[in-house]
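Residue numbers (the UniProt record's numbering), protein chains in the order written: chain A, 1 to 149; chain B, 1 to 108.
Don't read these hints as lab results, they were simulated from the structure. In this text the structure is predicted, and so the values were computed from the model without any measurement. Ideal Cβ positions, reconstructed from N, Cα and C, are used throughout, including at glycine. Any given hint might turn out to be false.
Interface residues of chain B toward chain A, partial, derived using beta-carbon atoms under 7 Å [unchecked claim]: (1) Val-60; (2) Cys-63; (3) Asp-66; (4) Ala-68; (5) Met-75; (6) Phe-77; (7) Thr-78; (8) Lys-80; (9) Phe-99; (10) Ile-107; (11) Glu-108.
Lysine-lysine pairs mimicking DSSO-like chemistry, simulated, CA-CA at most 27 Å apart [unchecked claim]: (12) B:Lys-12 - B:Lys-38; (13) A:Lys-111 - B:Lys-38; (14) B:Lys-104 - B:Lys-38; (15) B:Lys-88 - A:Lys-111.
Per the computed footprint, the stretches of chain A lying under chain B, defined by three or more beta-carbons under 8 Å from a beta-carbon of chain B, are [to be verified]: (16) 94-101; (17) 105-114.
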Amino acid sequence: MTFTRRQALGLTAGAAAFMVLGPKMTYAATEQTDAAIKAFTGGAEPAKGKISLDTPEIAENGNTVPVGVYVESPMTADNYVESVVILADGNPNPAVATFHFTAMSGVAEAKTRIRLAKTQNVIAVAKMSDGSTFIDTKEVKVTIGGCGG
Amino acid sequence: MATPKPRVKVPKTASQGEVITIKTLISHPMESGQRKDKDGNAIPRQIINKFTCEFNGQVVFSCDMDPAVSANPYMEFTAKINEPGTFKFTWVDDDGSVFETENKIVIE
Chain A
1 MTFTRRQALG
11 LTAGAAAFMV
21 LGPKMTYAAT
31 EQTDAAIKAF
41 TGGAEPAKGK
51 ISLDTPEIAE
61 NGNTVPVGVY
71 VESPMTADNY
81 VESVVILADG
91 NPNPAVATFH
101 FTAMSGVAEA
111 KTRIRLAKTQ
121 NVIAVAKMSD
131 GSTFIDTKEV
141 KVTIGGCGG
Chain B
1 MATPKPRVKV
11 PKTASQGEVI
21 TIKTLISHPM
31 ESGQRKDKDG
41 NAIPRQIINK
51 FTCEFNGQVV
61 FSCDMDPAVS
71 ANPYMEFTAK
81 INEPGTFKFT
91 WVDDDGSVFE
101 TENKIVIE
């Protein structure tokens, strides 16, 4: 089957229009994620280190992605991890969960399962009892997104 | 929706000062509010938004959840045991209902 020049041009234009107008979902932009980090740290820039985020490199099912977080801390009454926020920058809403620890936790470690709409960065930010903040980021490749219908 | 059923795994005994691992799960669809039914209407959000673990009346661990937490929310965390007592686990639904369960632990 051969195309005339006119037909070929029309097809290309149609395909381009479909790509622009095709199904579109709103995803949390990077700015929204940055704003969520700022809101959590109170405007401070979190430092690297102390916190480690444990995620799979490839998640086959975005509906249940196991996520673990561990923060180095003596966990005593006056020096402990107050809270850890988990964010996902490619989801419709970056907020995932916020863990609140106490000195009675013994160790600042928690695991849960989360939804990821597509391949994206998962971010964990920890806030210590002295106000300092730490961040860790991991990319998770998602084979089937967990955004639902 | 079936009534959410909490399931908790706590060791029955611990030694003084031991840090134990607690695993919890509650059956709940965690409807995110992003999905649509077959007529194209958005299904309203209904999730468990708060989980708390208390030991002898003092909060050990708590978690605020957003719709990005998977269905049947699973939580694994730790607690340091200095005395025998009772763990109380509480889940709060968007519609205000509260699901609770308790577990005892003894020092050996």
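Against the structure, the hints come out as follows:
Interface hint at Val-60 of chain B: satisfied, since its Cβ lies 5 Å from the closest Cβ of chain A, which is below the 7 Å cut-off. Interface restraint check: Cys-63 of chain B against chain A, minimum CB-CB distance 5 Å, threshold 7 Å, status holds. With a cut of 7 Å, the hint placing Asp-66 of chain B at the interface with chain A holds, because the nearest CB-to-CB distance is about 4 Å. Because the smallest distance between the Cβ of Ala-68 of chain B and any Cβ of chain A comes to about 4 Å, under 7 Å, the interface hint for this residue holds.
Satisfaction of the interface hint for Met-75 of chain B is found here, the shortest Cβ-Cβ separation to chain A being roughly 6 Å, below the 7 Å cut-off. Against a cut-off of 7 Å between C-beta atoms, the interface hint on Phe-77 of chain B holds, since the closest Cβ of chain A lies about 4 Å away. The beta carbon of Thr-78 of chain B comes within 5 Å of a beta carbon in chain A, closer than 7 Å, and the hint placing it at the interface holds. Of the supplied interface hints, the one on Lys-80 of chain B holds, with its beta-carbon coming within about 3 Å of a beta-carbon of chain A, less than 7 Å.
Interface hint status for Phe-99 of chain B: violated, as the beta-carbon distance to the closest one in chain A is roughly 17 Å, over 7 Å. The criterion of a C-beta within 7 Å of any C-beta in chain A is not met by Ile-107 of chain B, whose closest approach is roughly 15 Å, and the hint is violated. Hint status for Glu-108 of chain B: violated, given a least beta-carbon distance of 18 Å to chain A, over 7 Å. The suggested pairing of Lys-12 of chain B with Lys-38 of chain B is violated, with an alpha-carbon distance near 47 Å, which exceeds 27 Å.
Taking the CA atoms of Lys-111 of chain A and Lys-38 of chain B, the gap is about 34 Å. The hint is violated against a cut of 27 Å. Between the alpha carbons of Lys-104 of chain B and Lys-38 of chain B the distance comes to roughly 46 Å, so the proposed pair goes past 27 Å and is violated. This hinted pair checks out: Lys-88 of chain B and Lys-111 of chain A have alpha carbons roughly 19 Å apart, not beyond 27 Å. Figure legend: the region 94-101 of chain A, annotated as covered by chain B; annotation consistent (7 residues with Cβ-Cβ distances under 8 Å, at least 3 required).
Counting residues of the region 105-114 of chain A whose beta carbon lies closer than 8 Å to any beta carbon of chain B gives 9, which reaches the threshold of three, so the coverage claim holds.
The earlier numbered hints that this structure contradicts are 9, 10, 11, 12, 13 and 14.
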